[in-house]
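Asker: Given chain A, work out where chain B should sit, using these hints.
Line by line, the protein sequences are chains A and B. Anchor point for the first sequence: position 90 equals 106 in my numbering, and the numbering is continuous, going up by one each time. Anchor point for the second sequence: position 16 equals 32 in my numbering, and the numbering is continuous, going up by one each time.
Just so you know, the hints here were simulated from the structure itself, not pulled from any lab data. Bear in mind that the values here come from a model prediction, so they are computed numbers and not experimental data. From the three backbone atoms N, C-alpha and C, an ideal C-beta is built for every residue, glycine too. It is possible that some hints are incorrect.
Non-contacting residues of chain A with respect to chain B, defined by C-beta distances greater than 12 Å in every case (computed) [to be verified]:
1. Gln60
2. Lys67
3. Ala74
4. Thr107
5. Thr116
6. Gly117
7. Pro125
8. Gly128
9. Arg129
10. Lys166
11. Ser169
Ranges of calculated distance between the beta carbons of each label pair, as one might list FRET restraints [to be verified]:
12. Leu21/B with His124/A: 16 to 26 Å
13. Pro22/A with His102/B: 16 to 26 Å
14. Ala103/A with Asn157/B: 21 to 31 Å
There are 2 protein chains.
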Amino acid sequence: MPSPLPRDPIAQARDQWISHGWAAEADSMAAITALMRSASIFLQRADAILKPHGLTFARFEVLALLGFSKRGSLPMNQASRLLQVHATSLTNSVDRLEATGMVRRVQHPTDGRTRLLELTTKGKGVLIDARQDLNVQLFSNSGMPEADAKDLSQILSRFRHSQGDFL
Amino acid sequence: MPSPLPRDPIAQARDQWISHGWAAEADSMAAITALMRSASIFLQRADAILKPHGLTFARFEVLALLGFSKRGSLPMNQASRLLQVHATSLTNSVDRLEATGMVRRVQHPTDGRTRLLELTTKGKGVLIDARQDLNVQLFSNSGMPEADAKDLSQILSRFRHSQGDFL
Numbered sequence: 017m018p019s020p021l022p023r024d025p026i027a028q029a030r031d032q033w034i035s036h037g038w039a040a041e042a043d044s045m046a047a048i049t050a051l052m053r054s055a056s057i058f059l060q061r062a063d064a065i066l067k068p069h070g071l072t073f074a075r076f077e078v079l080a081l082l083g084f085s086k087r088g089s090l091p092m093n094q095a096s097r098l099l100q101v102h103a104t105s106l107t108n109s110v111d112r113l114e115a116t117g118m119v120r121r122v123q124h125p126t127d128g129r130t131r132l133l134e135l136t137t138k139g140k141g142v143l144i145d146a147r148q149d150l151n152v153q154l155f156s157n158s159g160m161p162e163a164d165a166k167d168l169s170q171i172l173s174r175f176r177h178s179q180g181d182f183l
Numbered sequence: 017m018p019s020p021l022p023r024d025p026i027a028q029a030r031d032q033w034i035s036h037g038w039a040a041e042a043d044s045m046a047a048i049t050a051l052m053r054s055a056s057i058f059l060q061r062a063d064a065i066l067k068p069h070g071l072t073f074a075r076f077e078v079l080a081l082l083g084f085s086k087r088g089s090l091p092m093n094q095a096s097r098l099l100q101v102h103a104t105s106l107t108n109s110v111d112r113l114e115a116t117g118m119v120r121r122v123q124h125p126t127d128g129r130t131r132l133l134e135l136t137t138k139g140k141g142v143l144i145d146a147r148q149d150l151n152v153q154l155f156s157n158s159g160m161p162e163a164d165a166k167d168l169s170q171i172l173s174r175f176r177h178s179q180g181d182f183l
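Okay, chain A solo, but in the shape it has when bound (with noise of 0.2 Å):
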C-alpha cells in the first residue's frame, strides 16, 4: 500500500460529481467505486495472505467449496453456479490447483457425461492451513469493526438479491 493520499479520492470525485450537474447519481458512484476499491485492498491482502500455500482467494475459494460439500466433490457446472463465476475463470483455478495436485478432475460415478471436481489429501491439507491464516490474519483482523461487518452484509445480501445472486 502506498502513504495515505491527503484527501479521500473518492469524496473528491463525488464533489466532481455534484459540481457537473449529476448530483442524483452522486451517492451511488462514491458507494459503488468504495466498493470496487475496498474489494481490491481485501483481495490483495487475500492473496498475499495465501500465496505461500500456492493459492489466491479465487483458487482458495474452489477449495473451501469442496471441502464443505458432502462428499469433498462436486460437478463442475455446480462449482461454477455456486462460485457465481464464469466456467473460463473456473477452469484456470482448477486448472491451477490440479497442476499443483490439489484437486483432480474425475468421472461421476453414475452419470457418464458428468465430470466431478474432487479435493485431494494434499488439497485438503492446504485447505486447512489456509483457512487457519486467513481466518487469523484477515478475519479476526479485518480493519473492520463487527456492528459495520454485520450492517455490511445485511446491505450487500439485500443488494445481490436484488440481482439475482440468489433466491
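Answerer: This is chain B only, laid out in the frame that chain A set:
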C-alpha cells in the same frame, strides 16, 4: 448472470464457519466475501456498459481522473496513487488507452524526468459518452436503495481510512 441460487451461498458458508468452530470469524468472513462478490457483480455490469466505448472500468477511471484534473494531465506516479492501482496495472491501462488514441504520454514542460499522462480530444469525447452511459445505466439504476448506498459509503470510508487509503 446464471439463474439465482436456491440459497445464499455466503449465508451457507457462514453457517459452515460457525459449525466448524470459527464463530468469532464468521461475520467478518461473510462481510468480506459479500464485498468481493458484490464488487464482481458491479464490475461485470460496468465493463459490459463500457465495452462499446472501447473501455473497461479500470480504463474509464483513468480517463475520469484526467478529465477532473485542472490541466487535463497528471504525472504517472500521481495517477497511480490517486487510483490506488499498482504502477504495472496502470501501465497496462495506459498502453491500451494510448493505442486507441484516448490518452498520450508527454514530457513535463519544466521537469525533464517526469512524464505526464494527457487526455486527447478523442479521449475527452469518449469520457463524456461513457460517463453518461454509466450514470444512466449503472449509477441511476444500481439496484441499491439510496439509504443503503449512503450507509455503505460511510462503512467503507471508515474501513478505507483504517487501511491507510487516505488521511
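Asker: It remains to establish, for every hint, whether it holds in the given structure.
Answerer: Here is how each hint holds up against the structure:
1. Gln60: violated (9 Å)
2. Lys67: holds (15 Å)
3. Ala74: violated (9 Å)
4. Thr107: With a cut-off of 12 Å, threonine 107/A remains clear of chain B, as the shortest Cβ separation is near 15 Å.
5. Thr116: holds (23 Å)
6. Gly117: holds (24 Å)
7. Pro125: holds (24 Å)
8. Gly128: Fine: 24 Å to the nearest Cβ keeps glycine 128/A off the interface.
9. Arg129: At roughly 19 Å from the nearest Cβ of chain B, arginine 129/A sits farther out than 12 Å, so the non-interface label holds.
10. Lys166: violated (6 Å)
11. Ser169: violated (5 Å)
12. Leu21/B with His124/A: 16 to 26 Å: holds (21 Å)
13. Pro22/A with His102/B: 16 to 26 Å: With Cβ atoms ~20 Å apart, the hint holds.
14. Ala103/A with Asn157/B: 21 to 31 Å: Holds - the Cβ-Cβ distance for alanine 103/A and asparagine 157/B, about 28 Å, lies within 21 to 31 Å.
Checked against the numbered hints above, the structure breaks hints 1, 3, 10, 11 and satisfies the rest.
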